[in-house]
Amino acid sequence: MSIARSLADAGITTTALITVDGVSMTFREGTRTVHALERISLTVPRGQFISLLGPSGCGKSTLLRIVGGLLRPTQGQVWLEGEPVGHAIRRRPFGFVFQDPALLPWRRVLANATLLQEIVYRDRHDRDQHVARAKEYLELMGLGAFLDAYPRELSGGMRQRVAIARALAIAPQILLMDEPFGALDAITRDRLNLDLLTLWGRTGVTIMFVTHSIHEAAFLSDVVYVMTARPGRVLARVPVTIPRPRALDVQETPGFVHLVRELRGLLDRGMEG
Amino acid sequence: MSRLVRVWAAAVPPLAVVLALLAAWEAASIVSRFPTYVLPRPSQIARELLHPGSLFWTHTWITLQETLIGFVIGSLVGLTLAIAIVLSPLIRRSIYPLIVLFQTVPKIVLAPIFIIWFGYGLLPKEMLVVVLAFFPVTVDAIHGLTSMDPTLVDLLHSVSASRWEILWKIQLPHSTPHIFSGLKVASTLSVIGAIVGEWAGANGGLGFLILSSSAQLETVRMFSGVVAVSIIGLLLFYAVSRLEDWLLPWREKVEVRHPLG
Chain Z
1 MSIARSLADA
11 GITTTALITV
21 DGVSMTFREG
31 TRTVHALERI
41 SLTVPRGQFI
51 SLLGPSGCGK
61 STLLRIVGGL
71 LRPTQGQVWL
81 EGEPVGHAIR
91 RRPFGFVFQD
101 PALLPWRRVL
111 ANATLLQEIV
121 YRDRHDRDQH
131 VARAKEYLEL
141 MGLGAFLDAY
151 PRELSGGMRQ
161 RVAIARALAI
171 APQILLMDEP
181 FGALDAITRD
191 RLNLDLLTLW
201 GRTGVTIMFV
211 THSIHEAAFL
221 SDVVYVMTAR
231 PGRVLARVPV
241 TIPRPRALDV
251 QETPGFVHLV
261 RELRGLLDRG
271 MEG
Chain L
1 MSRLVRVWAA
11 AVPPLAVVLA
21 LLAAWEAASI
31 VSRFPTYVLP
41 RPSQIARELL
51 HPGSLFWTHT
61 WITLQETLIG
71 FVIGSLVGLT
81 LAIAIVLSPL
91 IRRSIYPLIV
101 LFQTVPKIVL
111 APIFIIWFGY
121 GLLPKEMLVV
131 VLAFFPVTVD
141 AIHGLTSMDP
151 TLVDLLHSVS
161 ASRWEILWKI
171 QLPHSTPHIF
181 SGLKVASTLS
191 VIGAIVGEWA
201 GANGGLGFLI
211 LSSSAQLETV
221 RMFSGVVAVS
231 IIGLLLFYAV
241 SRLEDWLLPW
251 REKVEVRHPL
261 G
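Chains as they are written, first to last, in the numbering used here: chain Z, 1 to 273; chain L, 1 to 261.
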């Protein structure tokens with residue numbers, strides 16, 4: 001069966017950058033089997049900001065890891081513009097940002113931001129170009145004055161900014177973010193959400209964002225996918241129509257409040273199963 | 001506070017204690033009138049150490065060589081073993097249990113065997129030092145190489161990093177503080193190895209000097225040998241610590257602070 005045919009059968013058009021097609025995931029823990037994900041299908045159009053919103057343990061991180069090629073699904077397939085994602089990634093990896101910034105403590109900020117480039121472009125290694133690109137994104141993240149600092153000298157929010165610059169420096173088609181601001185305080189988190197939107201606007205990168213914060217999902221996204229608790233299923237696809245650019249005070253508008261209430265209602269329904 | 005002042009402030013309290021203890025010892029041996037062959041005075045020991053033309057420095061040089069050469073080779077062997085064990089499951093299953101088993105043998109009993117195998121020169125002592133020094137380096141290096149942040153593993157897999165890239169860019173630098181812990185333990189064991197090696201049979205070195213002085217009731221000389229051995233151990237430990245500070249400026253320094261201070 002051809003790829004286009006199987007996609008058409010799934011009722012999915014090929015204009016999307018990422019297509020998740022009937023993905024299920026089952027883990028075996030000893031004699032017990034855990035159904036983490038059940039028949040997930042969704043699309044991520046190029047240039048959009050998509051969030052996966054769900055309670056802890058709903059498998060949203062697992063889904064992100066499958067999309068990023070770190071896990072192979074038990075069933076189903078993930079496509080990048082009609083190509084199996086596993087192949088596509090080997091040619092040009094995706095950018096990952098996790099909750100833990102995972103910086104190398106022995107490298108200064110600038111050298112941390114070039115790490116992934118050294119690996120991705122190992123065959124056409126060009127140090128000056130790597131440094132230039134890393135610098136560009138670090139400056140975009142407001143870290144221009146901290147290029148020579150060690151990670152231990154930075155705050156949690158600044159470390160996460162380095163992790164974002166590091167991911168963008170490999171020029172990924174899509175940025176996969178797994179609760180990137182989950183460990184930060186609310187004020188830092190607001191600041192980073194704003195800066196992430198600015199960055200997204202400037203670079204045009206596609207973003208897939210996992211969060212369990214309703215406000216965060218509503219504030220950032222073009223589309224929010226609400227997921228149920230185990231097994232993780234897509235409960236609803238909620239388009240966000242709040243106009244951009246969005247400032248923090250958009251959260252007090254009736255439209256935003258209404259959206260938050262809708263998302264909370266869906267989450268509650270998902271928890272009841 | 002300038003660097004010099006800080007070093008000075010750190011050095012003064014222990015130095016004061018040492019000087020006070022030496023003064024008490026000196027006074028006690030004068031008052032108690034123990035004969036010199038039982039308890040020599042610190043001033044006598046110092047005179048023996050510093051008196052020109054003594055064979056003392058020749059012996060120190062021999063022991064220093066044994067310690068340093070054995071320590072360097074032992075550390076390299078320990079590190080190589082750790083990398084091999086981490087990289088190859090086959091080696092991990094076949095060789096690692098043997099190393100642990102070997103560690104339970106009191107290594108000191110090997111000294112007379114090494115004398116039979118390698119003669120009376122420096123080699124049997126260096127071998128004993130190697131055998132004593134490699135194990136802590138291996139154990140700590142394995143710990144450092146395998147205790148990787150799982151997020152970092154994911155990150156590297158996401159860009160299809162090779163086994164060598166992971167080892168070279170992540171695991172080895174990550175394990176350096178652990179390796180230095182192992183090196184510090186190994187440095188103190190190295191001095192013990194050299195001395196015990198000399199006790200098993202030698203015609204030079206501080207261990208030989210201490211043993212022969214004991215037989216001749218030359219207690220002053222014996223004590224000066226003990227002092228020299230301690231100084232070698234201290235200097236080696238200090239050198240390893242300074243190397244660590246110099247090579248790992250990124251490391252967060254663990255300082256012992258008073259809980260209320």
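Check before you lean on any hint, since a few could be wrong.
[Said to hold, decoys possible] Here are some, though not all, of the chain L residues that point toward chain Z, as calculated from beta-carbon distances under 7 Å:
hint, residue
1, V100
2, G119
3, L152
4, D154
5, L155
6, A239
7, S241
8, E244
9, D245
10, E252
It should be emphasised that the hints constitute simulated quantities derived from the structure, not laboratory data. Given the structure is predicted, the values throughout are model-derived calculations rather than measurements. By construction, the Cβ of each residue, glycine as well, lies at the ideal position given by its N, Cα and C atoms.
Evaluated hints:
For the restraint placing L/V100 at the interface with chain Z, the shortest Cβ-Cβ distance is roughly 29 Å, beyond the 7 Å limit, so the hint is violated. The closest approach between the C-beta of L/G119 and any C-beta of chain Z is roughly 44 Å, which is over the 7 Å cut-off, so the hint fails. With a cut of 7 Å, the hint placing L/L152 at the interface with chain Z holds, because the nearest CB-to-CB distance is about 5 Å. The criterion of a C-beta within 7 Å of any C-beta in chain Z is met by L/D154, whose closest approach is roughly 6 Å, and the hint holds.
Taking 7 Å as the C-beta cut-off, the interface hint given for L/L155 holds, the closest approach to chain Z being about 6 Å. At about 21 Å, the closest approach between the beta carbon of L/A239 and any beta carbon in chain Z exceeds 7 Å, and the interface hint on this residue is violated. Residue-level restraint check for L/S241 is violated (minimum Cβ-Cβ distance to chain Z is 18 Å; threshold 7 Å). The criterion of a C-beta within 7 Å of any C-beta in chain Z is not met by L/E244, whose closest approach is roughly 13 Å, and the hint is violated.
Given the 7 Å rule on beta carbons, the hint for L/D245 is violated: about 14 Å separates it from the nearest Cβ of chain Z. Given the 7 Å rule on beta carbons, the hint for L/E252 holds: about 6 Å separates it from the nearest Cβ of chain Z.
Hints 1, 2, 6, 7, 8, 9, counting from the list given before, are not met by this structure.
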